[in-house]
Amino acid sequence: MTLETVTQQVVSANTSQERQEARRLLHEWVSLHPEDEYAPALSYLLDCMEEHAREAVAEWEALQVKLRTRGAACLTVDEVARIGLSARSLEEIHHAREVLHAWEQAHPEERIMHEVYEVLYVREDGWRAEAAELAALAA
Amino acid sequence: MREELEQIRRALEEMLGRPSRWSGVLELTDDPAVNGSKPYRCDIVLNSSLAGQDVRWRTLIHEMLHTFSAGYNRRDFDDAPGWEEGVVEQCQRLLRPAVLARLGVGADEAIFAWAEASHRYNGYIRALETLRQSLNVPVDRFFLDLLSEPIKTRAALVVALSRALPADQHRGFLRTFSAALTTLKRRPE
Numbered sequence: 001m002t003l004e005t006v007t008q009q010v011v012s013a014n015t016s017q018e019r020q021e022a023r024r025l026l027h028e029w030v031s032l033h034p035e036d037e038y039a040p041a042l043s044y045l046l047d048c049m050e051e052h053a054r055e056a057v058a059e060w061e062a063l064q065v066k067l068r069t070r071g072a073a074c075l076t077v078d079e080v081a082r083i084g085l086s087a088r089s090l091e092e093i094h095h096a097r098e099v100l101h102a103w104e105q106a107h108p109e110e111r112i113m114h115e116v117y118e119v120l121y122v123r124e125d126g127w128r129a130e131a132a133e134l135a136a137l138a139a
Numbered sequence: 140m141r142e143e144l145e146q147i148r149r150a151l152e153e154m155l156g157r158p159s160r161w162s163g164v165l166e167l168t169d170d171p172a173v174n175g176s177k178p179y180r181c182d183i184v185l186n187s188s189l190a191g192q193d194v195r196w197r198t199l200i201h202e203m204l205h206t207f208s209a210g211y212n213r214r215d216f217d218d219a220p221g222w223e224e225g226v227v228e229q230c231q232r233l234l235r236p237a238v239l240a241r242l243g244v245g246a247d248e249a250i251f252a253w254a255e256a257s258h259r260y261n262g263y264i265r266a267l268e269t270l271r272q273s274l275n276v277p278v279d280r281f282f283l284d285l286l287s288e289p290i291k292t293r294a295a296l297v298v299a300l301s302r303a304l305p306a307d308q309h310r311g312f313l314r315t316f317s318a319a320l321t322t323l324k325r326r327p328e
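Respectively, the protein sequence lines represent chains A and B. Residue numbers for the first sequence follow the working numbering, so the first one is 1 and each next one is one higher. Residue numbers for the second sequence follow the working numbering, so the first one is 140 and each next one is one higher.
Some hints could be false.
Not close to chain A: a few residues of chain B, all C-beta gaps over 10 Å, as computed [what the hints assert, rightly or not]: (1) Ala150; (2) Val164; (3) Ala209.
Covered stretches of chain A, going by a simulated chain B footprint (3 or more residues, C-beta under 8 Å) [what the hints assert, rightly or not]: (4) 40-53; (5) 62-75.
To be clear, the hints were calculated from the coordinates, so they are not data collected in a lab. Every residue gets a Cβ at the ideal spot worked out from N, C-alpha and C, and that includes glycine.
Could you build the full structure based on these sequences and the hints that come with them?
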């Protein structure tokens, strides 16, 4: 284990479980290198990430409630883009496209969000490639 | 547009000093929602309607820059889309004038400015710019260094750079960095 691997684990942590694992690794590092002056900074970074993740999750949940109760047409440009750029699974991608289309119909004066479709296209293509690979393996 | 992509590839290879991973395959789409895309396979996808429009240059350069981006793979892109799209788009804006000059293309910058004013990757660029300014690194160096660093380790590289900051600025930077991560990475869970 090096300080670089610990740093990588900390900055990559995205779920609560991953942040816990990063903290465990950091404690292990500190127990092996009590003189290391940088470890407290990484611990502080994890605290900040925990706080910002909580805020982001709450914002996302509020956005989902807004979408459910008021419909896609009432979303702001940034909110629609966030839904599109966050979609990862095929189901989420399909849902994001529906939201984008509904929003575009309600706001014909706004330009098409090509960049959001670019990300959706890349992710969908990734799923297609994976399905083709699995089918080839099964054949 | 295939020949134009070839010219851009050659110009960028000279400017960046490393080879592109583009397969040479250009796939045309007529899906009006998609201007351009660079799937994980090393092909480039462009909308056929872009041909002949000046604004195409920014899309062509953007998609070609993905082929110079280190560690462009599905898992790392999914985990951190902003660390890729924000870096590539800002590199496109920084390198475009020099690329077009090499190609002898005189396109109206106002067309690009219009397309970029409401660009949906501006949020990613703002988050990255906040970090760059806090670190006081020249803009070209910051974004081109990130482009040559694998996507997966770009965030760690920025944290490593922050170690050079004076102690009284370091905690503030880490807080800014953490806030930027929520924009640049996939949605936190």
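### Query
Was B:Val164 rightly flagged as not at the interface, with every chain A Cβ beyond 10 Å?
Given that every Cβ of chain A is farther than 10 Å from that of B:Val164, nearest at about 13 Å, it holds.
### Query
Far enough from chain A: is every CB of that chain over 10 Å from the CB of B:Ala209?
holds, 15 Å
### Outcome, coverage of the region 40-53 of chain A by chain B - at least 3 residues whose beta-carbon is closer than 8 Å to one in that chain
holds (count 8)
#### Entry: Stated coverage of the region 62-75 of chain A by chain B [criterion: 3+ residues, CB within 8 Å]
violated (count 0)
#### Entry: Beyond 10 Å from each Cβ of chain A, as asserted for B:Ala150
holds, 22 Å
In this structure, the one hint that does not hold is number 5.
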